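Trainee: Each chain is listed here by its residues.
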Amino acid sequence: MTSFIIRRLLVSFVLLFFISIISFFIVTLTPGSPYPWGELNPKVSEEVKRVFREKFHLDRPLPEQYALIMRDLFTGNLRSIKDERPVLEKIAERLPATLVLNISALALSLSFGLLLGIYGARHAGRPPDVITSIIAFIFIALPGFWISYLVAIALVDWAAVPILGTHTIGVAFTNGAQIFLDGWWHVMMPASILAIGGIAVQSRFVRASMIETLREDYIRTARAKGLDENTVFYRHALRNSIRPLITGIGMLLPALISGAVIIENIFAYPGMGRLGYEAVLERDYPTLVALNFVTAALVLLGNLVADMLYAVVDPRVRLE
Amino acid sequence: MITTAPEPIATVPATPGGRAWRRFRANKVGVTAMAMVIVLAVVALVFFVFDRLGIPFPMDPDATNLERKLLPPNAINWLGTDNLGRDVLSRLLNGAYISLTVGFVAVFVSLFIGVIVGAVSGYFGKWIDNLIMRAVDALMCFPTFFLILTAVALLGPSIFNIIFVIGLVSWTGTARLVRAEFLTLRESSYVQAARALGQRGWKIIFRHILPNAAAPILVTAVLGVPEAILAEAGLSFLGFGVQPPQATWGNIIADGKTYILDAWWLILFPGLAILLAALSFYLTGDALRQAVETRSERQ
Amino acid sequence: MSKPLLQVRDLCIEFVLEDRTIEAVKGATFELAAGETLAIVGESGSGKSVTALALTRLLPVPPAEIKRGEILFDGKNVLTMDASQLRKLRGGRIAYIFQEPSTSLNPVYTVRSQIAEAVRLHRPDVTDVDAEVVRWLDAVGIVDPAKRMHDYPHQLSGGMQQRVMIAMALACQPDILVADEPTTALDVTIQAQIMELLASLKERFGMAVILITHNFGIVSGFASRVLVMYRGKIVEQGTTTEVLRAPKHAYTRALIDCIPQLGSTDKRLKTIDHAALDAA
Numbered sequence: 000m001t002s003f004i005i006r007r008l009l010v011s012f013v014l015l016f017f018i019s020i021i022s023f024f025i026v027t028l029t030p031g032s033p034y035p036w037g038e039l040n041p042k043v044s045e046e047v048k049r050v051f052r053e054k055f056h057l058d059r060p061l062p063e064q065y066a067l068i069m070r071d072l073f074t075g076n077l078r079s080i081k082d083e084r085p086v087l088e089k090i091a092e093r094l095p096a097t098l099v100l101n102i103s104a105l106a107l108s109l110s111f112g113l114l115l116g117i118y119g120a121r122h123a124g125r126p127p128d129v130i131t132s133i134i135a136f137i138f139i140a141l142p143g144f145w146i147s148y149l150v151a152i153a154l155v156d157w158a159a160v161p162i163l164g165t166h167t168i169g170v171a172f173t174n175g176a177q178i179f180l181d182g183w184w185h186v187m188m189p190a191s192i193l194a195i196g197g198i199a200v201q202s203r204f205v206r207a208s209m210i211e212t213l214r215e216d217y218i219r220t221a222r223a224k225g226l227d228e229n230t231v232f233y234r235h236a237l238r239n240s241i242r243p244l245i246t247g248i249g250m251l252l253p254a255l256i257s258g259a260v261i262i263e264n265i266f267a268y269p270g271m272g273r274l275g276y277e278a279v280l281e282r283d284y285p286t287l288v289a290l291n292f293v294t295a296a297l298v299l300l301g302n303l304v305a306d307m308l309y310a311v312v313d314p315r316v317r318l319e
Numbered sequence: 000m001i002t003t004a005p006e007p008i009a010t011v012p013a014t015p016g017g018r019a020w021r022r023f024r025a026n027k028v029g030v031t032a033m034a035m036v037i038v039l040a041v042v043a044l045v046f047f048v049f050d051r052l053g054i055p056f057p058m059d060p061d062a063t064n065l066e067r068k069l070l071p072p073n074a075i076n077w078l079g080t081d082n083l084g085r086d087v088l089s090r091l092l093n094g095a096y097i098s099l100t101v102g103f104v105a106v107f108v109s110l111f112i113g114v115i116v117g118a119v120s121g122y123f124g125k126w127i128d129n130l131i132m133r134a135v136d137a138l139m140c141f142p143t144f145f146l147i148l149t150a151v152a153l154l155g156p157s158i159f160n161i162i163f164v165i166g167l168v169s170w171t172g173t174a175r176l177v178r179a180e181f182l183t184l185r186e187s188s189y190v191q192a193a194r195a196l197g198q199r200g201w202k203i204i205f206r207h208i209l210p211n212a213a214a215p216i217l218v219t220a221v222l223g224v225p226e227a228i229l230a231e232a233g234l235s236f237l238g239f240g241v242q243p244p245q246a247t248w249g250n251i252i253a254d255g256k257t258y259i260l261d262a263w264w265l266i267l268f269p270g271l272a273i274l275l276a277a278l279s280f281y282l283t284g285d286a287l288r289q290a291v292e293t294r295s296e297r298q
Numbered sequence: 000m001s002k003p004l005l006q007v008r009d010l011c012i013e014f015v016l017e018d019r020t021i022e023a024v025k026g027a028t029f030e031l032a033a034g035e036t037l038a039i040v041g042e043s044g045s046g047k048s049v050t051a052l053a054l055t056r057l058l059p060v061p062p063a064e065i066k067r068g069e070i071l072f073d074g075k076n077v078l079t080m081d082a083s084q085l086r087k088l089r090g091g092r093i094a095y096i097f098q099e100p101s102t103s104l105n106p107v108y109t110v111r112s113q114i115a116e117a118v119r120l121h122r123p124d125v126t127d128v129d130a131e132v133v134r135w136l137d138a139v140g141i142v143d144p145a146k147r148m149h150d151y152p153h154q155l156s157g158g159m160q161q162r163v164m165i166a167m168a169l170a171c172q173p174d175i176l177v178a179d180e181p182t183t184a185l186d187v188t189i190q191a192q193i194m195e196l197l198a199s200l201k202e203r204f205g206m207a208v209i210l211i212t213h214n215f216g217i218v219s220g221f222a223s224r225v226l227v228m229y230r231g232k233i234v235e236q237g238t239t240t241e242v243l244r245a246p247k248h249a250y251t252r253a254l255i256d257c258i259p260q261l262g263s264t265d266k267r268l269k270t271i272d273h274a275a276l277d278a279a
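From first to last, the protein sequence lines are chains G, X and H. Quick note on numbering that gives the first Met the number 0: the first sequence kicks off at 0 and runs consecutively. Quick note on numbering that gives the first Met the number 0: the second sequence kicks off at 0 and runs consecutively. Quick note on numbering that gives the first Met the number 0: the third sequence kicks off at 0 and runs consecutively.
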């Protein structure tokens, strides 16, 4: 088991290296002005441009640029163009909120996806399955920003429910429980909408996996032993069908973080997605490089956790 | 289990493609979805032509009419008007071709890149394969939409850039698929036989390996279109898609953001259009996948 | 000893596929007495496995369809049993071992847990289930059973996996053990061991055995009666000695001829001419 972990860690470091290269190149290699202001903007003096170039090592050869930017990133010297604060600091501020949002959405996706998928497989081919399948497809095709908007209007306009930010402004809750519930509500709204697509996708995978598992020889053995259909389904088939749920973590994480860019915007939720959108508007290159890097690194971490989970669920992996 | 009995077999198509097509045809949902896709494509094409020829049907999508602004659906404007008095239905129809073009061409770009990368990786194997696959794994860690947004914002939101960036970011699935096909088939008996007979590398690739990979690649392609459409809509919604005054489904919604409490139709209808288009492609793709996969699981 | 344990009469089974219907079993009729050993011999597609699975209605009901016939176990018709009677029958009275032991055991549960599950289901009176598991693993020849029972199926060799399947089947003390090609997927040397094991267990515990195989070679010395199936029909039935010595049907003769003979001077192995047989 330890050799398994060590091997995965080594591979992860290699991947992290590739991720840093990709993050760097996206921003640097994109043709166009390297300055956040127009190339021909008369208000910007040559001196300012020179200082800018020096700060971001733009006159060095590419590999050196890469190394220097990475060094600056990790030492906190890479600063946002907008407010001169170290990029990592700005990201770190938003990290907790982002983690809460995305992990909630992930948890929702996996749990409801599992339930829906099992339900569909249990009644495969019959009306309950057909209906849940259609609902799942509609959820997958739903544009996130559209449904967020509709839900937001519905809640704010008709139900007068506050949804923006992380807590309701202007109301002072005294009770600890109330504060918690208020915060929880403000996370759950965007998390639920983020999770819609995830639930649907996971349910399809789980359903397909269960249907396939039910064709295996050991299921025939279980029936031949005289076990009732429920035991066969929930005890024998289910545990073997969970793999896609774990693989789903790797697939869902990038999608959730992506989706968060728009959703955080709509719900004014102060996470990394919002930071990213603002950085894009302002062409804040340092922040963009750092954000792409950090989000991909987070996904990598998530994948590592998923791999560990494989080992827990499947004894064949554990004993390699 | 049971194999064949000597009864004469009725009209079973000879090729795997034929059988898959038959299965697809039997899937009512899939066929309906595909019909929908074809309808959408035709509509987009027709209105694209109208646009180029300057035919305003039902109305000129760019004609502003401030006296008729922000009207709910009525007899003249079936889907209402926007803040500049433009007819929403006309704009929707006009914007259809943008969404579909981005969808199709971006998928084409991603297929092109994916097939090449996957083929190189799967065919040559060893360290090349390793290197490429690590890079692919790394790329797959990136939240795609944010990456697209970053790149498009830096490059400038032209339709060409958008298509190119979406394609550049979405090829990883195809690459893995193609590589897997290459790895399995490279060692298969008939490829070895072909090599023994002296066939050259390229020939082997095109005549033996790619045809087998064609079906799953097609499925990935069809399933990739709605992803591209949704990405483009998202970009437009944030203001980084195809720019006004050209209508796209995403930017009609974006424009409507400000008037959301007064003009729900600006949000509802374009969203429904996106939903319908994406759903049609997803259902078609899923039905295709079922039709193609059944082949491998039967003994 | 008057009524036979199992009576199959005019069993007809069809498979309805997407483009055609296959008649897998056409009017099979045979009997099995308690403690008797019957071999069902035939090649792939003859309908022998389908018949065996039908005995406890283990066939997936679409696409399979039992069109006609009766399967009487201990006087009761299996084809009209309700779900709970069927569950008692399966495993408890008629148990199975299958061809591929490596895929017939659930990979995520230990050997112990899978056997214990069967024991708890059919023999609720057993108090020390673990001891029972050890006892049966020992009976099938597994070395160090108390330790081995905590292993997962993939940790065992093919031969050991098949022994586990046998232990699992017999732990429920069934009246009939149906062995569907139990040695086909195993090494030739292990094949002999497993057949020996089955023979000795049969002696010891006295259950009836139905052996499904395409290999006439393992039939003699093991089964007392033989049924030969060809294309869904039973073409010959009788005691093993009779059938081997004086096969009445052309197919049976062909099958027997196929067994490679030590010391023969033939340069080629014999095959079966289906066309000629179908015409006959």
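Think of the hints as simulated: they come from the structure by calculation, not from any bench. Please read all numbers here as calculations on a predicted model, not as lab measurements. Errors might be hidden in some of the hints.
Example chain X residues on the side facing chain G (calculated, C-beta under 7 angstroms, incomplete) [to be verified]:
1. Phe107
2. Phe141
3. Phe144
Positions of the beta carbon are idealized from the N, C-alpha and C atoms, including for glycine.
Trainee: Work down the list of hints and note, for each, if the structure agrees.
Mentor: Hint-by-hint comparison with the structure:
{"no.": "1", "hint": "Phe107", "result": "21 angstroms, violated"}
{"no.": "2", "hint": "Phe141", "result": "5 angstroms, holds"}
{"no.": "3", "hint": "Phe144", "result": "4 angstroms, holds"}
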